[in-house]
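*Asks:* Sequence:
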Amino acid sequence: MSIDYSGRFNIDHKVGKRFTTGANVYAARSFSEFKTYDGNIVPSNVLYGILFSSPAIAPYNADGTYARRNGRDNPLAWLLEPTNDRYNNKMTANIFGELQIIDGLNLRVNAGTEFSATKEGTYLPTTLVSGEKVKGQASVNEVNATRNLIETYLNYKKVFNDIHSFTALAGFSYQFDQNERHYTQVQKFTTDKYLYNNLAAGSERIGAITNKEEEIRYSYFGRLNYALKDKYLATFTLRQDASSKFPSKNRVGYFPSGSLAWRVNDEDFMKNNKVFSNLKVRMGYGVTGNDRIANYIYLSTFGPTGVSLSEESDLYGGLVATRLPNPDLKWESNYQFDAGVDMGFLNDRINVTADYYHKTTTDLLLDIPVPQVFGFTVQTVNAGELQNQGVELSINTRNVETDNMTWNTTLNIAYNKQKATDLFGRPYIISQTANPDGSVPAADFTKLVVGRELSELYGYVYDGVIKTGEVYAPQPLSKPGDPKYKDLNGDGAITADDRQILGNAYPHYVMGFNNSFTYKGFELGVFFQGAFGADLYNMNRLLLETYTGKDALQRWTPQNNNTDVPRNGYFTSKYGGYINSRFVENASYVKLKNLTIGYNIPTSKIGFLKGVSKAKIYFTAQDIFTITNYSGPDPEVSTNDAGNSNLRAGLDFNAYPAYRSFTLGLKLNF
372 MSIDYSGRFN IDHKVGKRFT TGANVYAARS FSEFKTYDGN IVPSNVLYGI LFSSPAIAPY
432 NADGTYARRN GRDNPLAWLL EPTNDRYNNK MTANIFGELQ IIDGLNLRVN AGTEFSATKE
492 GTYLPTTLVS GEKVKGQASV NEVNATRNLI ETYLNYKKVF NDIHSFTALA GFSYQFDQNE
552 RHYTQVQKFT TDKYLYNNLA AGSERIGAIT NKEEEIRYSY FGRLNYALKD KYLATFTLRQ
612 DASSKFPSKN RVGYFPSGSL AWRVNDEDFM KNNKVFSNLK VRMGYGVTGN DRIANYIYLS
672 TFGPTGVSLS EESDLYGGLV ATRLPNPDLK WESNYQFDAG VDMGFLNDRI NVTADYYHKT
732 TTDLLLDIPV PQVFGFTVQT VNAGELQNQG VELSINTRNV ETDNMTWNTT LNIAYNKQKA
792 TDLFGRPYII SQTANPDGSV PAADFTKLVV GRELSELYGY VYDGVIKTGE VYAPQPLSKP
852 GDPKYKDLNG DGAITADDRQ ILGNAYPHYV MGFNNSFTYK GFELGVFFQG AFGADLYNMN
912 RLLLETYTGK DALQRWTPQN NNTDVPRNGY FTSKYGGYIN SRFVENASYV KLKNLTIGYN
972 IPTSKIGFLK GVSKAKIYFT AQDIFTITNY SGPDPEVSTN DAGNSNLRAG LDFNAYPAYR
1032 SFTLGLKLNF
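Residue numbers for the sequence shown, in our numbering: 372 to 1041.
Because the hints were derived from the structure by calculation, they are not lab data.
Among these hints, one or two may not hold up.
Unchecked claim - Computed cross-link-like contacts, DSBU-like style, restricted to lysine-lysine with a CA-CA straight-line distance of at most 35 Å:
no.	residue 1	residue 2
1	LYS583	LYS506
2	LYS701	LYS620
3	LYS730	LYS651
4	LYS529	LYS385
5	LYS985	LYS891
6	LYS838	LYS620
7	LYS559	LYS490
8	LYS838	LYS945
9	LYS490	LYS583
10	LYS1038	LYS976
11	LYS600	LYS645
12	LYS506	LYS406
13	LYS620	LYS818
14	LYS921	LYS850
15	LYS583	LYS559
What the hints assert, rightly or not - Derived DEER-like restraints, expressed as beta-carbon distance ranges:
no.	residue 1	residue 2	range
16	ALA710	ASP935	43 to 53 Å
17	ILE972	THR780	18 to 28 Å
18	ASN939	LYS987	56 to 66 Å
19	GLU841	ILE428	28 to 38 Å
Virtual Cβ for every residue (Gly too), placed ideally from N, Cα, C.
Whole structure, please, built from the sequences with the hints as guidance.
*Replies:* Next up, the structure:
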């Protein structure tokens, strides 16, 4: 359930001839009930429970209580019984003042603040196994976030001799973010009635967290635009950005850019052409910076821990390091060249835009695995250099234009090729998947090497099932029904050296195709979306095949020897591993993403509605159908953690699939 309220207020006022001021205020309040759908195997993960619970067991007992299996609650109980409430209050306020100093020269100052207060209250009742063990468990998590921003700049416009047009801008901005968190968790209640509204009623406190983070960015920037006869265009910009996320020696970054354009169709030699109604060529080169990492990454940070001086002593408060610092962190920089052409045909009934880009990312910010000797699993570093290049094509057509009917079409196609060009001395970077089952640890999942792409799936090549009476020399201890893997290096044994790249998580081609129609008062919009050339590791299929899926019925048995589904051997086999080619699938797809139907009610029909100038009734459907060979519920999903998302994409494990939605609405203009 979700409830939302919002309101907005805007005002502009001119003082005299040269000064204008204004303000806008926005406020919103929302309430929602939330669930967590993560790539993990904890009991509270409802989607995991739905996928891997036996469909043969009813959710309720005869007496109406929830059925349990092997001492565990069923997913319906986890869906309905816990309380998970989220309240959010948000307000933004902005003011501005603009002074015209002289003709063409303006000074503008913008100042704004944004405040967000989020409260999450949870309660685990005694009707669940986990809640029964602790006699109820409640938590309150409050997060307050504030952002203050001030920006001031001078803008100058001047035209000389009617052919030279200049626009110059110079400014400064300052942004200050502050986030505070207060979290408390208690258990052992005498009743479930309090939920999370009376934490003092819980006799045992098991968690308390408070923290405060601050972040500062400030920038100096300038831009110069020049146009000659409005045919030859040039733009040059320079930014100096500083971020508190980096150490003082690397805090400041400089990011210039420039672009040129030529309106060819305005030239005299193009006036009599019969092909182009518009022709413009352009090119540009620029540098942008990225500081999207957590705060204080470059510093050593510490958190509380309990210390026992002997087996009999109580726990004493202490401190423990919470991250591996990196005092050499610096800005990630993106150097990009673009070249493009805009073309119009048949009096702009057909418009085509084509672009080529080449982007090099240096000092790539990544969370990379580190040896356990450091006491941590990952460290944020500037890990290397990445190259992306590709083309983008957009075609817009006005197919039909009459008094009663219009039909417009937009087609967008993009191709991207990516490769790592430098890993700063590292031979490769390997990341691990989520843990699929409590009986095994996480396993190597993706591998990044120079000359290859991010998030390439990496594992063994599955080669069927060991048959009854078969002796497979590379796996001498395998039993009939075990999975069989290819000996790729030919050394006569299945080892880690027999792994190879199995697929790539990022699509090489993406597509969007939109058609909009109008007929008298009716409107119709149809939007298709597609992606091609990507793969997913279907960990859901791995678990379903192992436990409760229909493929489990096809497992090898002495009586079912002619099958490619092994006995329950992926997690117990002495050879290979569960990251293998059997579960890597082509995730290319085409979706009917959006369908909208509307009708504009004639004003003659709404005359009885006083003050209403326009009325429209509409129906919208999202994610209507998908065309794909992927066997999972949604080829567009990807389960990963935030820190390694760009290194370990391409995992489908308990990811919540896109859901089909329908909306019927009425829009009134007053």
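*Asks:* A separate judgement is required for each hint: does it hold in the structure or not?
*Replies:* How the hints compare with the structure:
1. LYS583 with LYS506: Cα-Cα ~32 Å, so holds.
2. LYS701 with LYS620: 9 Å, holds
3. LYS730 with LYS651: 23 Å, holds
4. LYS529 with LYS385: 23 Å, holds
5. LYS985 with LYS891: 15 Å, holds
6. LYS838 with LYS620: Violated. LYS838 to LYS620 sits at ~63 Å, over the 35 Å cutoff.
7. LYS559 with LYS490: 22 Å, holds
8. LYS838 with LYS945: 17 Å, holds
9. LYS490 with LYS583: 16 Å, holds
10. LYS1038 with LYS976: 15 Å, holds
11. LYS600 with LYS645: Status holds; Cα separation ~23 Å.
12. LYS506 with LYS406: 22 Å, holds
13. LYS620 with LYS818: Holds: LYS620 and LYS818 sit about 32 Å apart, inside 35 Å.
14. LYS921 with LYS850: Given that 35 Å is the threshold and the Cα spacing comes to 24 Å, the pair holds.
15. LYS583 with LYS559: 29 Å, holds
16. ALA710 with ASP935: 43 to 53 Å: 49 Å, holds
17. ILE972 with THR780: 18 to 28 Å: 27 Å, holds
18. ASN939 with LYS987: 56 to 66 Å: 57 Å, holds
19. GLU841 with ILE428: 28 to 38 Å: The hint (28 to 38 Å, Cβ to Cβ) holds, given that GLU841 and ILE428 are roughly 37 Å apart.
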